[in-house]
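Colleague: Just so you know, we're using the numbering used here here: the sequence shown kicks off at 209 and counts up by one.
To be clear, the hints were calculated from the coordinates, so they are not data collected in a lab. Mixed in with the good hints, there may be bad ones.
[As the list claims (entries may be wrong)] Using 20 Å as the maximum straight-line C-alpha spacing, the simulated SDA-like pairs for lysine to any residue come out as follows: (1) LYS454 with ASP475; (2) LYS286 with PRO576; (3) LYS450 with ASP475.
[As the list claims (entries may be wrong)] Between beta-carbon pairs, the in silico distance windows are: (4) ARG447 with ARG528: 21 to 31 Å; (5) SER278 with GLU340: 42 to 52 Å; (6) THR337 with GLN474: 32 to 42 Å; (7) GLY354 with ASP432: 32 to 42 Å; (8) GLN463 with THR624: 38 to 48 Å.
Please read all numbers here as calculations on a predicted model, not as lab measurements. Just so you know, even glycine gets a beta-carbon here, dropped at the ideal spot from N, CA and C.
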Amino acid sequence: MSGNVGSVDVLIVGAGPAGSAAAVHAAEAGHEVLLLDAASFPRDKTCGDGLTPRAVHQLGKLGLAEAVTSDYHNKGLKLHGFGGSVTAPWPEGYYGTRGSAMPRTEFDHLLVRTAVARGATLWEDATATGVEFAGSRVDVVTVRHGGVEKQVRPRWLLVADGVRSTFGKLLGRQWHRGEVYGIAARSYCTSAMSQEPWIHSHVELRDTDGTVQPGYGWIFPLGDGRVNLGAGALSTDSRPAKVNTKRLLSHYAAQRRAEWVLGPEQDIASALLPMGGAVSNVAGANWLLIGDAAALVNPLNGEGIDYGMESAEMAVDLLRPGRDLTLVWPHVLRETYGEAFLLARTAARLLTYPRFLPLVGPLGLRGPVGAAIMPAAARLMGNLITDEDRDLIARAWRTAGSAVSRVRRDTPLWATAA
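With the hints as extra help, turn the sequences into a complete structure.
Modeller: So this is what it looks like as structure tokens:
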């Protein structure tokens, strides 16, 4: 780039998993890529740090699967609660059976270094602060970098600035808080069980008064002497989760401390998490939102790294001269994730009713019923239902999703401006 207004093929705002993956794919496709992040690397992000087999599959496309699984990998989920526990291995299928976990400080740094190595230009401590339009196209983006205001004219703009998507708001992104969203807190603890090959979820999550919360606690071993321990709850504007997540996390850690030989909670952080496509105005003529910015998060578990990297690849594939992305991108998202997200939204909404989980939880986690349905739960919570799966569970999932999409009349997925 040169001159007062520098031109670039692809400008990417945000260098998390979605943004860095997009930078890799775009650079490898021959585009000149400028990647921005408001922080400098390495930097932290509030996250559970889990990498499902679906995420590992995407990392394989970037040449990074071995890098994130060689030191530690996991076999699946162990679900606990209501007097029962069920072990649910990652199911055989298109994505394979190897998951992992890596702190975001390390994971995001690995991805952004890969993007630079493949040819992208990185501006750290760079914030996109303004935008000028030419008709329906983004013409110029103002970036504050190194204390100086700079103007960048992108041919295409990909916005990957996370759950709050501050820059996305400038483009018209709207979060619909009437849909289910997550509130969560995360910590790191030393643990003698950091090599445990299973990730653990406790779905009977009680606050300090003993009231069951519409969420779950998690422990994700990291293989480095630590675990990621967190607690989250599901909420809507009409049924807000009345819980202090950091206090709930501390209570949960105390309950698990002896079993996991946990040290004190460190680096506690919390976040709100739009889920299940509950945002609108995610694309314009030459721009689109990907990853968490587009609410590409599973409403049942808060997982979004796999969707973020998938959406990055799909977005780059759409960058063709003369193509208007305004309607194309929401259509691609609905075709790819629509049925699954609608069903997951419905299930998550049910979990916000205080009496629902205590009613169904014991059925799912005790005896033969739990043993029969928990492999399905592993797929749902691992984002592993795909069109390549041909067994009964997958067919039932797609059928249920189609039925839900026909009868639900709430906020459309990735709606466009009226």
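Colleague: Starting from the hint 32 to 42 Å, judge whether the C-beta atoms of GLY354 and ASP432 obey it.
Modeller: The hinted range 32 to 42 Å holds for GLY354 and ASP432, with Cβ atoms some 34 Å apart.
Colleague: Is the hinted range of 32 to 42 Å satisfied by the C-beta distance from THR337 to GLN474?
Modeller: Holds - the Cβ-Cβ distance for THR337 and GLN474, about 33 Å, lies within 32 to 42 Å.
Colleague: LYS286 and PRO576: Cα distance at most 20 Å?
Modeller: 16 Å, holds
Colleague: Does 21 to 31 Å hold as the CB distance between ARG447 and ARG528, or does it fail?
Modeller: 43 Å, violated
Colleague: Check the hint pairing LYS454 with ASP475 against an upper bound of 20 Å on the C-alpha distance.
Modeller: Since the Cα atoms of LYS454 and ASP475 sit roughly 11 Å apart, the hinted pair holds (cutoff 20 Å).
Colleague: Can you tell me whether the CB distance of GLN463 to THR624 sits inside 38 to 48 Å?
Modeller: Given a distance of about 45 Å, which is inside 38 to 48 Å, the answer is holds.
Colleague: Within 42 to 52 Å or not, the Cβ separation of SER278 and GLU340?
Modeller: Roughly 46 Å apart at Cβ, these two residues keep to the hinted range, so it holds.
Colleague: Can the restraint linking LYS450 and ASP475 be considered satisfied, given a maximum Cα separation of 20 Å?
Modeller: 23 Å, violated
Violated hints, listed in ascending order, are 3, 4; each of the other numbered hints is respected by the structure.
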